[in-house]
Amino acid sequence: MIGLISTLISVAIPLLVITIGLLICEKAGVWNFGAEGIAVSTAAIAYVVSVNTGSISLSLLTVILFSIFLGLLLGILMIHLGLDQVVVGVSIIIFGYGFGEFLSDMFAPGFLVAPEITTINLFLFEIKPFILFAFLLIPLTWFILNKTRLGLIIQSVGDYPVGSDMVGIKVNRIRIACFIFGTILIGLTGFYLVNSEYLVFNISIVGGAGFLAIALVRLANWREDLITIFALVFYSFVYISRFLRMWISIPEEVIYMSPFLLTLISYALSLKWGKKTREPLSLGKAYRKVSTS
Amino acid sequence: MSAKTYYIIGVYALVIIVALLLMSIFLPLTITDIFKGLFLTPFTNSAMRETFFFIFAIFVCTSLATLIPFRSGCYNIGGEGQLFIGALIGAFASGVLHMDAIATFFLSAVGGLVWALISAILKVKLKMDMVVTTLLLNFVTIRIVDYFVSYPPLGDPMSELEISVSLPARIPVYCAIGISVALIFFSYFLIVKSRWGYETKLQGGNPSAAKLAGVNSQKLTLGNMCIGGAIAGLGGGILITGVIVALNPGSGFLLGYIGLLGAFMAKLEPQFVPFSSFLIALFWIGGRALHVVGGISISLSLFLIAVLIIATLLTEIIWRV
Numbered sequence: 001m002i003g004l005i006s007t008l009i010s011v012a013i014p015l016l017v018i019t020i021g022l023l024i025c026e027k028a029g030v031w032n033f034g035a036e037g038i039a040v041s042t043a044a045i046a047y048v049v050s051v052n053t054g055s056i057s058l059s060l061l062t063v064i065l066f067s068i069f070l071g072l073l074l075g076i077l078m079i080h081l082g083l084d085q086v087v088v089g090v091s092i093i094i095f096g097y098g099f100g101e102f103l104s105d106m107f108a109p110g111f112l113v114a115p116e117i118t119t120i121n122l123f124l125f126e127i128k129p130f131i132l133f134a135f136l137l138i139p140l141t142w143f144i145l146n147k148t149r150l151g152l153i154i155q156s157v158g159d160y161p162v163g164s165d166m167v168g169i170k171v172n173r174i175r176i177a178c179f180i181f182g183t184i185l186i187g188l189t190g191f192y193l194v195n196s197e198y199l200v201f202n203i204s205i206v207g208g209a210g211f212l213a214i215a216l217v218r219l220a221n222w223r224e225d226l227i228t229i230f231a232l233v234f235y236s237f238v239y240i241s242r243f244l245r246m247w248i249s250i251p252e253e254v255i256y257m258s259p260f261l262l263t264l265i266s267y268a269l270s271l272k273w274g275k276k277t278r279e280p281l282s283l284g285k286a287y288r289k290v291s292t293s
Numbered sequence: 001m002s003a004k005t006y007y008i009i010g011v012y013a014l015v016i017i018v019a020l021l022l023m024s025i026f027l028p029l030t031i032t033d034i035f036k037g038l039f040l041t042p043f044t045n046s047a048m049r050e051t052f053f054f055i056f057a058i059f060v061c062t063s064l065a066t067l068i069p070f071r072s073g074c075y076n077i078g079g080e081g082q083l084f085i086g087a088l089i090g091a092f093a094s095g096v097l098h099m100d101a102i103a104t105f106f107l108s109a110v111g112g113l114v115w116a117l118i119s120a121i122l123k124v125k126l127k128m129d130m131v132v133t134t135l136l137l138n139f140v141t142i143r144i145v146d147y148f149v150s151y152p153p154l155g156d157p158m159s160e161l162e163i164s165v166s167l168p169a170r171i172p173v174y175c176a177i178g179i180s181v182a183l184i185f186f187s188y189f190l191i192v193k194s195r196w197g198y199e200t201k202l203q204g205g206n207p208s209a210a211k212l213a214g215v216n217s218q219k220l221t222l223g224n225m226c227i228g229g230a231i232a233g234l235g236g237g238i239l240i241t242g243v244i245v246a247l248n249p250g251s252g253f254l255l256g257y258i259g260l261l262g263a264f265m266a267k268l269e270p271q272f273v274p275f276s277s278f279l280i281a282l283f284w285i286g287g288r289a290l291h292v293v294g295g296i297s298i299s300l301s302l303f304l305i306a307v308l309i310i311a312t313l314l315t316e317i318i319w320r321v
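So the protein sequences, as listed, match chains B and W.
First residue of the first sequence: 1, per this note's numbering; consecutive thereafter.
First residue of the second sequence: 1, per this note's numbering; consecutive thereafter.
Hints listed in this document are in silico derivations from the structure and should not be mistaken for laboratory results.
The beta carbon of each residue, even a glycine, is placed where N, CA and C say it ideally should be.
One or more hints might be untrue.
To be verified - Partner residues are not named here, just some residues of chain B that face chain W (Cβ under 10 angstroms, in silico):
id : residue
1  : Phe33
2  : Glu36
3  : Pro109
4  : Arg149
5  : Pro251
6  : Val254
7  : Thr263
Unchecked claim - Keeping only pairs whose Cα atoms sit at most 20 angstroms apart, straight-line, the calculated SDA-like set for lysine to any residue is:
id : chain 1 : residue 1 : chain 2 : residue 2
8  : W       : Lys36     : W       : Val292
9  : W       : Lys201    : B       : Asp84
10 : B       : Lys285    : B       : Ile169
11 : W       : Lys267    : W       : Asn206
12 : W       : Lys36     : W       : Ser46
13 : W       : Lys125    : B       : Leu262
14 : W       : Lys125    : B       : Thr118
15 : B       : Lys272    : W       : Val124
16 : W       : Lys267    : B       : Trp273
17 : B       : Lys272    : W       : Ile118
18 : B       : Lys285    : W       : Ile118
19 : W       : Lys127    : B       : Trp273
20 : B       : Lys285    : B       : Leu152
21 : W       : Lys125    : B       : Leu269
22 : W       : Lys127    : W       : Pro207
23 : W       : Lys127    : B       : Ala268
24 : W       : Lys201    : B       : Val86
25 : B       : Lys276    : B       : Leu226
Unchecked claim - Some residues of chain W that are not near chain B, with every Cβ distance over 10 angstroms (derived):
id : residue
26 : Thr41
27 : Lys193
28 : Asn206
29 : Leu212
30 : Ser251
Looking at chain B on its own, in the form it has when it is part of the complex (with noise of 0.2 angstroms):
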């Protein structure tokens, strides 16, 4: 059971840290639609760099910069300039297939596997890193956005932007520091999957995680702990399915479409008869100053 419940885990957290990223970028106002493609490029950029150096240090760091440079210039483009939010973020769904595939295919060809992330033993438990930085990540993320000024900030540029540029707060600059936060948290899901779970890449190696995502903090209505549940309840069906296929027979194409139609019913089942939204006011929507003079 402690077996299951890990492996359930470890297979969730891309899944959560993803919706996390997603979060902070959605809280400030700003779509981040491009997150599998994020994902997967910098999945790609780790699996490239440990495999051909050898060193986790220095893919993890590789990982953040290209996060940081991405982060920073689809922020100027979608925040800045204000371009089509949806736009910039499916360009960058097919950006990142297309830049992970070619990049390993050249620099990494072959069935090589990348050195491993060594887990850390914690009150008697083998645990990996990543799910520790993950737990720790959510009161993180709800402490910061529900009692810190801070958090009071990312949401009132995610909800009133004017009324935010009116007392001083620079919109944004905040949406795109969130937004490159919550791209760095993506980024890191795509290291986590190369050094840490499968050790390999394919284009495929996010599983739809980011497009999950995308539909969880809607589902979550836009909550810290809601997020967490829901990660850990839609990746357990998978896991409940093929512990039944011992007994009764489920297509194995039927156990991976679970999480995504179980996500679209249940999100419509939520807007029939779910209570108030808390989505952001002014979420997807640009902002340009208004000029007082």
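Dock chain W against the given chain B, drawing on the hints supplied.
Relative to chain B, chain W alone:
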């Protein structure tokens, strides 16, 4: 010529230059080889030329499938799923029911239409975010296709791979080009010249004004999504009757998503779609040609598309400034 036309010509020229420069830096080939592989081989090699025009026709379909709903403010990111459903239904019609190409195309279009209608109904009835529903449905579709090509009657029991039985319905390449040209004219008249198109533009540009003017937004959402879905489904029909002889889940990978790029590069104007689709198809097939000519990884096609995206986004900065 309008500023938009100049801009589009500038974007395409810049994209080609950037792609050539990047490839000459990173690939172990001379710029002449790259030029030949990318721009000449797709037309001098007869098999590649045929595939090029089929792929061009598919990109026209997926671009229009994104463009038409986009004009009314609906983000149809489900071109991938609608294309695959169209291909699946068409594969059933052709491979299992042994229907001819016309019936196969008709059913492919119906499949794409129904799949797009699901997202449209969820949007209209529950105000569900269409980006989310179409993205999730894309993944559901891929698994559905995986399932059907793994088991009889559509799955090939003799093959260990996930691949369908051989599909007999075929179309010649000029039919695919004809379909794409007809779709461009249809879309142009629908979007630019008709009352429907005017209302669509009004709703996409200013929903409040459209409401005040008495525009039925639900009808437009449902209608444009159905048209977009049917066109993507037709793209699936072209895929299984022209490009491949048996359906497998990897065969149309990303063609639907890239349609969004085609629509974006055409600045959401149907008359520019043939040019954007031509360029994308050129990079798609040119990457494969370089694989054959220079032994470069086949993933170069996807990388070229990635370069195309970044160059397009960067030129958008110039447009804005």
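Right, here's what the structure says about each hint:
1. For Phe33 (chain B), the suggested interface contact is upheld, since its CB lies about 6 angstroms from the closest CB of chain W, less than 10 angstroms.
2. Interface hint status for Glu36 (chain B): upheld, as the beta-carbon distance to the closest one in chain W is roughly 9 angstroms, under 10 angstroms.
3. Checking Pro109 (chain B) against chain W: minimum C-beta separation of about 8 angstroms stays under 10 angstroms; hint holds.
4. For Arg149 (chain B), the suggested interface contact is broken, since its CB lies about 30 angstroms from the closest CB of chain W, more than 10 angstroms.
5. Residue-level restraint check for Pro251 (chain B) holds (minimum Cβ-Cβ distance to chain W is 6 angstroms; threshold 10 angstroms).
6. A hinted interface residue such as Val254 (chain B) counts as satisfied when its beta carbon comes closer than 10 angstroms to some beta carbon of chain W; here the least separation is about 7 angstroms, so the hint holds.
7. About 6 angstroms separates the beta-carbon of Thr263 (chain B) from the nearest beta-carbon of chain W, less than 10 angstroms, and the hint is met.
8. Among the hinted pairs, Lys36 (chain W) with Val292 (chain W) is consistent with the structure: their alpha-carbon atoms are about 12 angstroms apart, no more than 20 angstroms.
9. Of the pairs offered as hints, the one joining Lys201 (chain W) and Asp84 (chain B) holds, with about 17 angstroms between alpha carbons and a cut-off of 20 angstroms not exceeded.
10. The hinted pair formed by Lys285 (chain B) and Ile169 (chain B) meets the criterion: a straight-line CA distance of about 17 angstroms does not exceed 20 angstroms.
11. The hinted pair formed by Lys267 (chain W) and Asn206 (chain W) meets the criterion: a straight-line CA distance of about 18 angstroms does not exceed 20 angstroms.
12. For the hint pairing Lys36 (chain W) with Ser46 (chain W), the CA-to-CA distance comes to about 15 angstroms; that is within 20 angstroms, so the pair holds.
13. A C-alpha spacing of about 19 angstroms is found between Lys125 (chain W) and Leu262 (chain B), which places the hinted pair at or below 20 angstroms, so the restraint holds.
14. Between Lys125 (chain W) and Thr118 (chain B) the alpha-carbon distance is near 50 angstroms, which puts this suggested pair outside the 20 angstroms criterion.
15. Restraint check for Lys272 (chain B) and Val124 (chain W): satisfied, since their Cα atoms lie roughly 12 angstroms apart, inside the 20 angstroms limit.
16. Simply put, Lys267 (chain W) and Trp273 (chain B) have alpha-carbon atoms about 39 angstroms apart, too far for the 20 angstroms limit, and the pair is violated.
17. As the CA atoms of Lys272 (chain B) and Ile118 (chain W) are separated by approximately 16 angstroms, the hinted pair is consistent with the 20 angstroms bound.
18. The straight-line distance between the Cα atoms of Lys285 (chain B) and Ile118 (chain W) is roughly 26 angstroms, outside the 20 angstroms bound, and the hint therefore fails.
19. Taking the CA atoms of Lys127 (chain W) and Trp273 (chain B), the gap is near 13 angstroms; set against the 20 angstroms cutoff, the hint holds.
20. For the hint pairing Lys285 (chain B) with Leu152 (chain B), the CA-to-CA distance comes to about 19 angstroms; that is within 20 angstroms, so the pair holds.
21. For the proposed pair Lys125 (chain W) and Leu269 (chain B), the alpha carbon gap of about 12 angstroms is at most 20 angstroms, so the pair holds.
22. With a CA separation close to 15 angstroms, the supplied pair Lys127 (chain W) and Pro207 (chain W) stays within the 20 angstroms bound.
23. As the CA atoms of Lys127 (chain W) and Ala268 (chain B) are separated by approximately 9 angstroms, the hinted pair is consistent with the 20 angstroms bound.
24. Only pairs whose Cα atoms come within 20 angstroms are accepted, and Lys201 (chain W) paired with Val86 (chain B) is accepted, the gap being roughly 18 angstroms.
25. For a cut-off of 20 angstroms, the pair hint linking Lys276 (chain B) to Leu226 (chain B) stands: about 15 angstroms separates their Cα positions.
26. For Thr41 (chain W), the requirement that its beta carbon stay farther than 10 angstroms from each beta carbon of chain B is met, with the minimum near 19 angstroms.
27. Every CB of chain B lies more than 10 angstroms from the CB of Lys193 (chain W), the least distance being 25 angstroms, so the non-interface label holds.
28. At roughly 14 angstroms, the least C-beta separation between Asn206 (chain W) and chain B is larger than 10 angstroms, which holds for a residue marked as non-interface.
29. At the 10 angstroms boundary, the C-beta of Leu212 (chain W) stays outside the reach of chain B, the nearest C-beta of that chain being 21 angstroms off.
30. Listed as a non-interface residue, Ser251 (chain W) keeps its Cβ farther than 10 angstroms from every Cβ of chain B; the least gap is roughly 15 angstroms.
Hints 4, 14, 16 and 18 from the earlier list are contradicted by this structure; the remaining hints agree with it.
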